[in-house]
Amino acid sequence: MVASKEPSVLLSHLHRADGSATFSQNGYTVIGAVNGPIEVPRRHELPEEAVIEVLVRPAAGVGGTRERHLESILHSTLRQIILVHNFPRHLIQVTLQITNTPENKNTGSKVVQAGSHLAILPALLQTAVLALLSASMPLATILTSVSIAIHADGKSRKLITHPSLKEFESASSVHIMAFTSHGEPLVVESQGTFTLEDWEEVFETVKALCHAEHNRIDDNAMQGVDGKGNMLEFVKSAMGEKVAQDLHWHT
Amino acid sequence: MAAWVERKQSLVYGSDDWLPRKLVLVRAGGTCPAPFQRPTKKQKASVAATASSSTRALNFTLHITSHHGIKSQSPSPMASTTPQSALSFPRETFAKLSPHPYLRAHLQPTSATATPTRANGRSPSQFRTPHINNGSLTHADGSAVVRIGDTTVVCGIRGEILLTSKVPGWRADKAAAEPSSGAGYNEIKELDLLVPNIELATGCSPAFMPVIPPSTLAQDLSTKIYSLLHSTNLLDREDLRIWYQPPDLSDPDRMDDDSEDDEETSASEIKAFWALYIDILFISLDGNPFDAAWAAVMSALKNVRLPKAYWDPDREMILCDDSVDKSKKLSLNGLPVAITALVFKAKEQAQSKDKKYWILVDPDTFEESLCDESVTVVVDCSEKKTRILSITKSGGTIVGREEMKDIVKLAEQRSTELSSILNG
Amino acid sequence: MPREVEPSVNERQFFEKALAENLRLDGRAFDQFRDLELSFGDEFGVADVRLGKTRIHTNISAEVTTPYPDKPFDGLFTITTELSPMTSPHYETSRPSDPEILLSRILEKNLRRSQALDTESLCLIAGHKVWSVRADVHILSHDGNLIDASCISVLAALQHFRKPDTSSEGENVTVYTLEERDPVPLSLLHFPYCVTFSFYPSTVEEGETVILLDSTLLEEQLREGSATIGINKDGELCQIAKLGGISVDAVAFLGCVQVALARVKEISTFVIKRLAEDAKKRDKGDLMAELRAENDR
Amino acid sequence: MASTRTSTFVLPGDRLDPASLPSHPTLPLKLGPGLRHIPPNTITPTVAGQLCTDKRKNAVWVEFNGGRYIPTTGDLVIATIQNSAVDIFYASVSDYAPKATLPQLSFEGATKKTRPQLSFGALVYARVTHANKHMDPELECVSQSTGKSEGLGPLTGGMVFDISLGMARRLMLPKPVEQGALVILDELGGQGVAFEIAVGRNGKVWVNSNSVKGTIAIGRAIQETDEKALKIEEQRKLAKKVAREI
Amino acid sequence: MPLDTSTYSLALLRLDGRRWNELRRLTAQISTQVAADGSSYLEMGNTKVMCTVAGPSEAKGAGGVRLGNDRADIRVSISIAGFSGVDRKKSGRNDKRLMEMQHTIASAFAQNLFTKLYPHSTISLSIHVLSQDGSLLAACINACTIALIDAGVPMHDYICACTAGSTSSYSSNDETADPLLDLNTMEEQELPFLTVATMGESDSVSVLIMETKVQVGRLEGMLAVGVDGCKQVRAILDGVARARGTKMLEGSRM
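Chains as they are written, first to last, in the UniProt record's numbering: chain A, 1 to 251; chain B, 1 to 424; chain C, 1 to 297; chain D, 1 to 246; chain E, 1 to 254.
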């Protein structure tokens with residue numbers, strides 16, 4: 001089946017978690033749950049800030065070194081956006097369960113896919129942020145993440161936004177970036193062979209997709225702007241809908 | 001630590017030696033809270049409040065005297081008013097008590113002539129000197145010892161034979177399809193022919209106790225090495241293939257003594273692969289594990305000599321030739337070099353909006369404990385035009401386009417320095 | 001980790017009173033199940049079961065490996081169940097908890113020991129190459145009765161799963177990609193589902209037992225005993241697990257078995273219906289894809 | 001009310017238009033939940049929700065629903081006793097969170113000799129007296145000024161039901177019908193259903209009536225109103241149905 | 001290798017010479033270890049287990065103290081000796097089958113003992129399996145019962161257990177199949193069987209575990225035989241306990 005590049009999300013659907021989100025894009029589906037702030041065992045507690053625990057669980061098999069790597073990227077990133085100093089000596093648990101990955105024609109039967117584990121990073125980041133928003137966790141800012149693949153053969157060069165797994169694997173270089181809603185770069189994972197110019201072009205492209213300059217609170221009418229592919233707009237509309245539903249009674 | 005900001009002008013360097021030997025902490029007015037410890041946030045707030053509003057302010061003044069420890073050498077005006085209650089700490093104690101202001105004091109010297117220097121005496125963009133020793137392990141097919149400052153890594157590579165008949169999903173027709181044809185079959189990746197493994201639990205640092213399961217950092221580093229090995233296409237897959245050319249019965253003279261043109265004949269088949277087990281052992285760790293580990297892997301890969309292996313149809317097994325002459329080196333695609341830099345922010349709190357920061361390359365453990373944002377760039381300058389092979393960053397928002405440009409430039413410099421050693 | 005939250009005294013007492021009046025907190029009858037929902041993923045072998053607020057997601061995968069030396073003709077079939085902090089913060093990932101062990105044991109007995117999946121059919125070359133089928137049971141949300149829901153989820157996913165087609169020539173096995181040959185379903189011999197009963201001592205009559213079906217989390221926390229009966233629609237019992245707890249009259253217990261049998265017949269029909277609906281949807285999807293492909297040409 | 005309040009949707013880190021904030025000549029600006037002040041003069045939301053301002057009170061806050069209850073001074077909560085020490089009880093306000101302390105003497109008429117004996121799992125209706133991120137919260141079951149319980153204290157009998165934090169807030173509004181579009185309780189009362197109710201800001205509601213059936217029906221009606229986001233008309237219908245059943 | 005049950009139908013005797021409703025030799029000793037608060041040694045045929053009881057004692061250790069616990073906590077540990085089976089197999093600490101057995105025994109006795117009499121305390125049961133020849137769980141439960149009697153922990157009634165099987169293989173719906181009582185290892189491997197434990201002389205089932213496939217129609221017969229077997233077991237254990245009690249009374253009289 002053809003995976004949709006358009007993101008979709010379901011919010012606050014797990015009843016026992018404080019916040020939850022199911023996010024799908026590009027054939028990846030991730031279910032995220034956030035619990036916290038809750039009690040933390042003494043030996044782990046930090047006196048000045050909340051402990052963040054990130055757990056990435058693969059759809060099939062048990063987590064290995066790749067999941068730990070993703071967890072460490074997520075951990076250092078989420079620590080930057082969660083207001084950890086608001087909850088000293090507490091724990092914030094973020095559990096991300098991957099439930100669907102795009103079919104890989106070559107390794108269709110393989111339990112653990114050898115590489116390309118980075119391809120799922122944008123989905124993981126986005127799910128984590130949406131689940132945190134659903135949990136009403138105080139955040140400094142939100143982040144949005146986009147992956148871009150560059151296909152270059154000699155002279156011509158093509159940038160593909162939200163590449164499919166196939167495009168991801170055959171690209172000459174792939175770039176995953178996440179920006180805050182203020183347009184600051186928070187995560188960069190670039191791989192392959194590329195030049196500084198390539199990278200800068202990707203940087204600007206992703207920045208534009210993650211961040212709209214006119215994204216002002218008073219500017220609700222998005223006139224003349226192609227909201228397609230703009231992750232910030234997506235998060236905004238998804239959350240806006242949820243808030244409107246939650247506060248239907250609120251005049 | 002608002003008090004630090006106000007009193008920073010009293011940071012004075014000794015005349016002959018720029019390197020601070022001893023820091024003297026002078027308390028002006030009031031009594032020192034005992035036991036002395038890092039004030040909690042609440043206390044800090046109150047310190048700041050009193051400092052700004054009352055005359056009995058708690059001010060910490062910082063002196064740096066030369067290693068002779070003559071306190072009177074440069075008395076600051078503030079300190080000289082109440083010299084009787086001076087509390088002096090050795091440098092190490094001060095670094096432990098309040099590491100963040102300590103490092104900042106070094107990077108933000110008061111006198112205009114002094115250049116920002118890190119606590120370890122290096123300039124922010126100065127790397128530690130690398131030392132590399134190749135082939136010191138006899139039983140490994142390739143090995144290297146890399147020392148960068150106090151970080152020492154041993155890397156040993158062993159090749160093991162993986163028979164295609166043992167590969168569960170092996171298909172002869174798949175191997176024929178070249179990877180250039182779309183999202184091709186990359187056997188090095190699919191068959192896991194490169195197996196890096198990092199061992200940190202060697203007692204290399206107090207943070208990693210020996211004989212425990214691999215820490216998160218070790219798993220994290222292994223994954224980084226693993227994906228870099230694949231994403232750079234460093235190895236030629238032909239190097240890892242073991243072919244078999246069935247003897248041409250019509251021409252009995254031509255046995256498999258010469259395998260140069262075997263690949264052209266359709267009858268030849270891949271009988272086995274070399275799987276390279278890359279074990280990376282940290283002997284000591286003082287920051288920047290990735291750069292050192294990667295340099296060790298590169299150096300060891302360059303050092304690898306795989307014996308000539310061939311399929312013996314009678315015994316139905318792979319045999320290896322003992323002679324060194326027939327063994328082959330790996331042909332590596334370029335010479336990637338990794339550099340890591342951290343961002344040190346003037347304010348301790350992660351969420352502060354303060355734009356003051358320093359980029360510190362090749363950090364040591366002390367610096368790593370004080371910085372959140374880290375950037376790793378892998379470049380290959382073996383050809384004319386620099387190829388960037390990987391950029392990763394996380395943990396902060398400081399490094400943007402411009403900063404990255406500078407870091408890439410630093411990486412290029414470092415690359416030339418390291419390449420000469422790696423190639424030498 | 002923080003420990004599990006226990007119900008308050010008020011909840012305990014109120015629940016007891018309600019049972020005495022033949023009432024359940026969510027208004028169900030004692031033998032009534034919550035609404036069962038089953039959906040399948042885009043990929044083969046993905047089933048998502050909802051039983052009230054309990055939600056279980058199962059993912060089946062398969063790869064070729066070497067068999068165990070003592071069972072050269074049998075493929076491998078493993079079921080993993082791990083309760084993650086997603087379900088409740090008190091579950092630690094490193095240490096399995098009691099409910100987790102009991103759940104995995106029951107699934108193991110019910111599905112593996114009863115040979116629901118014919119492991120001999122997974123053998124490709126005796127002693128060398130077999131399929132290893134793996135069921136990863138992800139518990140997304142826990143509001144009681146994990147066992148019944150997990151069992152439905154795994155069996156539905158197994159029925160939905162297709163493994164790549166293979167052919168073997170002597171010692172060589174060729175595993176075809178999905179494009180080359182349509183994947184094939186697993187060989188399942190029978191479909192044993194589980195029904196779990198919760199027991200409470202009756203406050204009305206001394207020695208009598210109140211029996212609830214499909215209990216919620218609160219009902220599970222307050223129960224004094226339980227029994228899980230695994231049975232297929234043909235009336236073959238696959239396992240019974242009444243692991244201690246209050247004792248139940250033998251005759252009453254035999255009654256439970258009959259209830260379980262009736263319930264399992266319902267579940268079987270339901271799952272088959274859902275599978276058929278999914279297959280229909282897929283056919284349509286395939287047809288559309290073919291048409292599109294033709295248009296492209 | 002509507003005339004003085006405006007609401008816009010905000011996300012964490014959004015830059016607020018200074019014009020959207022109330023400016024009162026004399027009163028200091030009050031920052032409510034969901035906002036933070038970054039010195040010198042930036043105010044940004046920390047949660048997703050509706051930015052609400054009250055010009056008369058010169059207050060601004062973010063209205064949101066969801067997440068975990070975080071104790072705030074002055075909130076009324078339903079707490080579960082977990083443990084007791086020499087002169088305090090430890091009570092749980094929200095699951096898995098650090099326990100709150102409840103002095104054994106802060107009950108109406110409690111002295112060293114006549115303090116309540118509360119065992120594990122007992123419910124109390126209490127007020128949060130101290131809430132601070134560095135310390136565990138503190139509760140009381142007596143008004144400090146009057147020495148009276150004012151409705152606080154142990155809750156016996158009845159049943160607790162979980163509701164969303166937003167629903168708890170709606171139930172606690174001074175005028176739930178006008179401000180919260182919530183009529184279910186009034187309607188039930190209007191139908192002649194007699195019951196007691198205590199609402200905890202920590203997302204719990206305690207209901208007691210003279211029959212088990214009635215308590216279940218009322219509790220479930222409140223939950224249904226919350227989960228299905230029932231409109232006023234639907235709430236009326238539901239109330240009628242419940243009253244008929246009882 | 002299917003067990004040859006054909007001879008059974010002729011002579012109505014099992015391979016070890018027993019009739020269908022015959023228990024193996026069941027012997028038990030009480031107070032075998034002086035150091036323990038209660039102890040027992042029990043043999044069911046060639047299945048031999050030892051059980052010791054420690055407690056009720058004050059709950060101690062981290063994680064052991066559960067706040068607001070108004071009753072005694074029962075902990076069970078089973079260790080299987082390496083030489084107990086036919087082939088030496090060291091079972092791991094995380095063997096799920098053992099953990100399930102431990103949970104079962106703890107949960108059965110939690111309902112049988114008057115645990116409310118001992119708030120904030122622990123009763124530890126430690127079982128050592130010396131030899132295995134079928135009916136392992138049943139033997140463990142029986143050993144625990146008399147060890148707990150020895151320890152003097154008040155209980156409602158005996159919990160007695162035994163196994164019951166059926167001569168029909170699971171696939172056949174053979175009407176002539178007979179139920180069997182108290183299976184040994186060979187029979188357990190070939191025939192469908194269940195382990196049942198009842199309370200005292202009642203028909204009240206405390207534990208019922210079946211792990212093999214069987215036609216639902218067979219269950220009633222198996223269960224009836226099993227429950228009857230439990231009553232026989234109870235009579236034997238009761239005899240052991242009474243003999244011990246008499247001896248103690250005699251001792252105290254002197």
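I should point out that these hints are in silico values taken from the structure, not numbers from a laboratory.
All values reported here derive from a predicted model rather than from experimental measurement.
Treat the hints with care, as some may be off.
[Said to hold, decoys possible] Here are some, though not all, of the chain E residues that point toward chain C, as calculated from beta-carbon distances under 8 Å:
1) Ile-105
2) Ser-204
3) Val-207
4) Gln-215
Glycine included, every Cβ here is placed at the ideal spot set by N, Cα and C.
So, going through the hints one by one against the coordinates:
no., hint, in the structure
1, Ile-105, "holds (7 Å)"
2, Ser-204, "holds (4 Å)"
3, Val-207, "holds (6 Å)"
4, Gln-215, "holds (6 Å)"
Going down the numbered hints, you'll see the structure goes against none, and every one checks out.
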